[in-house]
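K.L.:
One letter stands for each residue in the lines below.
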Amino acid sequence: MNGTFVGMPAFPQAAREAVADATLRGNLRHATHTIRAKRAKAVAEVSDWAELREAGKRIKDHTLRHLDRYLVQLEESVTAAGGTVHWAADAEEANRIVARLVKETGESEVVKVKSMATQEIGLNEALLEEGIHAYETDLAELIVQLGKDRPSHILVPAIHRNRGEIRDIFRQEMGEWGRAAPEGLTDTPAELAEAARLHLREKFLRARVGVSGANFMVAETGTLVVVESEGNGRMCLTLPETLISVVGIEKIVPTWRDLEVFLQTLPRSSTAERMNPYTSTWTGTTDGDGPRTFHLVLLDNGRTDTLADEVGRQALRCIRCSACLNVCPVYERAGGHAYGSVYPGPIGAILSPQLRGTQSEIDASLPYASSLCGACYEVCPVAIDIPEVLVHLRERVVEGGPVVRDGNRVVLKPAKGHAAERAAMRAARWAFARPGALRTGQRLASRTRRLHPRTLPGPGKAWSASRDLPAVPAEPFRDWWQRTNGGNTGEGSAK
Amino acid sequence: MRVALFLTCVNDTLYPETGRSVVKLLTRLGVEVDFPMAQTCCGQAHYNTGYRHEAEPLARHFSDVFGEYEAIVTPSGSCGAMVRELYPRMGERARAEGRGGGLAATLAPVVPKTYELTEFLVDVLGVTDVGAYYPHTVTYHPTCHGLRGLGLGDRPRRLLQAVRGLELVELPGAEECCGFGGTFALKNADVSAAMGADKVRNAASTGAEVLCAADNSCLMHIGGTMTRLKAGIRPVHIAEILASTEEEPAV
Chain A
-15 MNGTFVGMPA
-5 FPQAAREAVA
5 DATLRGNLRH
15 ATHTIRAKRA
25 KAVAEVSDWA
35 ELREAGKRIK
45 DHTLRHLDRY
55 LVQLEESVTA
65 AGGTVHWAAD
75 AEEANRIVAR
85 LVKETGESEV
95 VKVKSMATQE
105 IGLNEALLEE
115 GIHAYETDLA
125 ELIVQLGKDR
135 PSHILVPAIH
145 RNRGEIRDIF
155 RQEMGEWGRA
165 APEGLTDTPA
175 ELAEAARLHL
185 REKFLRARVG
195 VSGANFMVAE
205 TGTLVVVESE
215 GNGRMCLTLP
225 ETLISVVGIE
235 KIVPTWRDLE
245 VFLQTLPRSS
255 TAERMNPYTS
265 TWTGTTDGDG
275 PRTFHLVLLD
285 NGRTDTLADE
295 VGRQALRCIR
305 CSACLNVCPV
315 YERAGGHAYG
325 SVYPGPIGAI
335 LSPQLRGTQS
345 EIDASLPYAS
355 SLCGACYEVC
365 PVAIDIPEVL
375 VHLRERVVEG
385 GPVVRDGNRV
395 VLKPAKGHAA
405 ERAAMRAARW
415 AFARPGALRT
425 GQRLASRTRR
435 LHPRTLPGPG
445 KAWSASRDLP
455 AVPAEPFRDW
465 WQRTNGGNTG
475 EGSAK
Chain B
7 MRVALFLTCV
17 NDTLYPETGR
27 SVVKLLTRLG
37 VEVDFPMAQT
47 CCGQAHYNTG
57 YRHEAEPLAR
67 HFSDVFGEYE
77 AIVTPSGSCG
87 AMVRELYPRM
97 GERARAEGRG
107 GGLAATLAPV
117 VPKTYELTEF
127 LVDVLGVTDV
137 GAYYPHTVTY
147 HPTCHGLRGL
157 GLGDRPRRLL
167 QAVRGLELVE
177 LPGAEECCGF
187 GGTFALKNAD
197 VSAAMGADKV
207 RNAASTGAEV
217 LCAADNSCLM
227 HIGGTMTRLK
237 AGIRPVHIAE
247 ILASTEEEPA
257 V
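Protein chains in written order, with the numbering used here: chain A, -15 to 479; chain B, 7 to 257.
Calculated directly from the structure, the hints in this document are not laboratory data.
Check before you lean on any hint, since a few could be wrong.
[Claimed, not checked] Output of the computed footprint for chain A on chain B, the stretches with three or more beta carbons under 8 Å from beta carbons of chain A:
#	region
1	14 to 25
2	33 to 47
3	63 to 75
4	135 to 145
5	174 to 188
6	240 to 246
[Claimed, not checked] Among chain A residues calculated to face chain B with C-beta under 7 Å, some are:
#	residue
7	Pro(-4)
8	Trp161
9	Ala318
10	Ala446
Virtual Cβ for every residue (Gly too), placed ideally from N, Cα, C.
Take the sequences, apply the hints, and build the full model.
P.N.:
Below, the structure written as structure tokens:
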């Protein structure tokens, strides 16, 4: 499967192709606008939404502030309930642990609940290298996996596909992986869902090992929570003999009571439902009920480094609802793949460059993948000020400075490729600190205005390829103000 | 009441008519307007592109120039939001970098008395009918930093609805960003242009003659897209509509 994002080009290049793809634009526009409107309605029903949002933010901030304590408490609770806790510093270590645990069962296939953490670490690819097949059981993840594609949305990973494309993928690929698609499959939603159901049921009933993530981990009891819509999660979490859950360390909440807030805000923000159809909770193992063996792999993979940054750490509040993707005008046009990460959209633009660092071309370009319109912050159910973090990360790219990488304090150099911009910004700052210099520049522009070209060369082409330039006026305002004594005398009198 | 006009560098250089309109409008409403000649730029482009440290001297300069006035009025939602929202943040960041509270203290006085034009009219002067006349069909685009940063709400619409002769038509997808975003327009030109084209199509679909907004930076992008697409609709700053009267109508 071709599911990795390694070697992605910078965001603007990747986005250019997406913008030119009319089918993709249509699919994304339809899907995001539909869910956007539904979410707005579902949120408007709740009279104390602002308070829930503030509570969610505070619970997350409190937990992150005391993460050391809550992680230890969680480990003790999970262990006491019969589970085994493993600690993974990075993707490689997490993959190694999961592969070993699967091999110890003697199995060579696993069924998976949709999980962002296992996508982030590339678990399916790592398991395949060890001869273990991982089957995605979420409908959209199944579409992505069968299509040898990459996810383009956190909640709806196949949002870039329309029904006709999905029917074609099912017809062509299902037989290779298990039960083939029924003869004469059409593109009606009911038929597509039934085809997936039949295909997946075979896998659920056969699998001895399940792999999941979790939406929340409750420190006080060691309980894990998965929130889902299709019931595939419930199957994977209850039928196998062994369950392995890979969860980011920031997914902790201290108590069951804290869940009350998120179980209201998450479904309304993500699927626009008052309540999601399936909420599964499990605490260690229980004799005669569900998996006999439970492993929890706690994943860091850049999270501790992110926590060290006092502006950027708010990204760790994220509950992966996708509301920010669905309202983002940039995501709507660029699509999810352009973000070069399993975390696309506004949250991806602040999460990926923090988890992975800003060294690669794609990660250094992500903080700029936004017009800073603020729609993402407005809908975020845990009040992550995404524009604030974007600007903060832009600063990290152009100025460098102290950051924590792999637990060590290092000083980043300014990124390459910003020299001309930096010089222009300094020159502008110099001129703007001197009103006389600004005025000289304005007058020069006004006097030469008949000579200005209609299109610009060099970097200016980025403007004039799609937009006409504004006409420079005969005199700047400040000259008019001075000449007419604030509009009191002469031509153009304001009074 | 004596207020300072913070026109912004973009308006001063490219849109002097907007400045003249603000002066005309406020004067008509009995406000004494001054234009401090030492003003330049609030530093928004620097700050938002990641050059916060380059923006700091510009913010200090702003505070020097405007600190003594009773109120500071600007016909730009994004520059207004820069002062009100981001100057305090700059002060906090400087403090967090171990540079003390000096910058925060320098910038603090200008923050609460900086008003975007429509806020100043509605909240400070308490008017919605400014005696304007503008016999055209108009659709209104709420720009992002005015809408979500400053929370201008329905103030601009209330002002437009009170203009005689003006027919206000709703803009589909009004609250979606036009795609300008400062340096975003250059750094992600394809996405920016696609957003701009969608905004212009929505505006043209209303049948209005004029798309009105309270920020010329966005209008520069939208207007440039309009003429390129020959959309048959033109951009006008809200100040020019509110300044227009039967005796001296705006063109």
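K.L.:
Each hint should be assessed against the structure and marked as holding or not.
P.N.:
How the hints compare with the structure:
Coverage of the region 14 to 25 of chain B by chain A holds in this model, with 9 residues showing a Cβ closer than 8 Å to a Cβ of that chain against a need of three. Interface restraint, the region 33 to 47 of chain B with chain A: holds (9 residues with C-beta to C-beta distance below 8 Å; minimum three). Requiring three or more residues with a Cβ within less than 8 Å of a Cβ of chain A, the coverage given for the region 63 to 75 of chain B holds, as 3 such residues are present. Counting residues of the region 135 to 145 of chain B whose beta-carbon sits less than 8 Å from any beta-carbon of chain A gives 0, not enough to reach three: the coverage restraint is violated.
Chain A is given as covering the region 174 to 188 of chain B, and this holds because 7 residues of the stretch bring a CB closer than 8 Å to a CB of that chain, at least three being needed. Under a criterion of three residues with beta carbons nearer than 8 Å to beta carbons of chain A, the stated coverage of the region 240 to 246 of chain B fails, only 0 such residues being counted. Because the closest C-beta pair between Pro(-4)(A) and chain B is about 5 Å apart, less than 7 Å, the hint holds. Interface hint status for Trp161(A): violated, as the beta-carbon distance to the closest one in chain B is roughly 36 Å, over 7 Å.
Satisfaction of the interface hint for Ala318(A) is found here, the shortest Cβ-Cβ separation to chain B being roughly 5 Å, below the 7 Å cut-off. This hint holds: Ala446(A) has a C-beta 4 Å from the nearest C-beta of chain B, less than the 7 Å allowed.
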